[in-house]
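Throw the hints in and build the complete structure from the sequences for me.
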Amino acid sequence: MISFVPETIVIDALPSLALTERVQLPNESALYFVLNATNEVLYLGRAKSLKARWRNHHRLADFMQKTDVRIAWVTVSDHYLLPALEDACLAYFQPTFNRRTTADYIWTGFRLPPALLAAIKDRAARARRPLNTETIMLLEQALEDEEAPARPRRATPVGT
Amino acid sequence: MARPKTEAADYKSLMLRLPEPMLKACKAQATQQRRSLNAQLLCVIDAWLHGQEEKRTHDLVRT
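Residue numbers (our numbering), protein chains in the order written: chain Z, 2 to 161; chain B, 26 to 88.
Think of the hints as simulated: they come from the structure by calculation, not from any bench.
Source: prediction; values computed, not measured.
Treat the hints loosely; a few may be bogus.
[Claimed, not checked] Here are the simulated distance ranges between beta carbons: (1) B:A33 x Z:P27: 41 to 47 Å; (2) Z:Q66 x B:H75: 35 to 41 Å; (3) B:A72 x Z:T97: 31 to 37 Å; (4) Z:A92 x B:A33: 41 to 47 Å; (5) Z:L82 x B:A64: 32 to 38 Å.
Heads up, the beta-carbon is just placed ideally off N, CA and C, and yes, glycines get one too.
Here it is, written out as structure tokens:
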């Protein structure tokens, strides 16, 4: 059981870089916070590789329109913990850019093989989520994994 | 082993409501890869699901 208290995160004390310096972000799994000039959390997210995530972040255009935007982060060594940590931080910080209105969604027609549809439906049923939500979550994860470089596998010692 | 092919006529339609930034990111990737948006979404989801499947098998074999 992990106890994590988002209240203990001191945003001002976190390592951070200006949005324009994002190429210098570390190649680590982390929770990241997009901050404005007054250190208000505009958006937060998680990434297996912070550097890769920000190479082509889907909200980059939105943040580029603002001035003095910074990216702060908390390194999380075990990326399996990221979803739970992100959920706790979202509930606490409630960043403006994480809230989506229905106007931000676009209907998209999609044609897919029955086996793939069945696999997504099966995942949705197991997670007790609507098919649309499950597909969005799946796409988010898939897109992030595609951006993150594959980690080298640990070599098995000879003779073990 | 090669996966069985599905004829295009057998494909099922699915209407999704996607967040605009995500849709834009997918469209940009599709353009980059010179694929249709539909093909890009299929490739991304299919590759990810199979990656997960392989990871599960790998974990099972290890245990």
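Practice prompt. For the range 41 to 47 Å, tell me whether the beta carbons of Z:A92 and B:A33 fit it or not.
Written response: This hint holds: roughly 44 Å between Cβ atoms.
Worksheet item: Taking the beta carbons of B:A72 and Z:T97, is their distance inside 31 to 37 Å?
Response: Taking Cβ atoms as reference, B:A72 and Z:T97 lie about 33 Å apart, which means the hint holds.
Worksheet item: So the hint says 35 to 41 Å: do the beta-carbon atoms of Z:Q66 and B:H75 match that?
Response: Since Z:Q66 and B:H75 have Cβ atoms about 38 Å apart, the given range 35 to 41 Å holds.
Item to complete: Look at the Cβ atoms of B:A33 and Z:P27 and judge whether their distance stays inside 41 to 47 Å.
Response: holds (44 Å)
Fill in: Supplied distance hint 32 to 38 Å, evaluated on CB atoms of Z:L82 and B:A64
Once the Cβ atoms are compared, 34 Å apart, the range 32 to 38 Å for B:A64 and Z:L82 holds.
When held up to the earlier numbered hints, the structure conflicts with none and fits them all.
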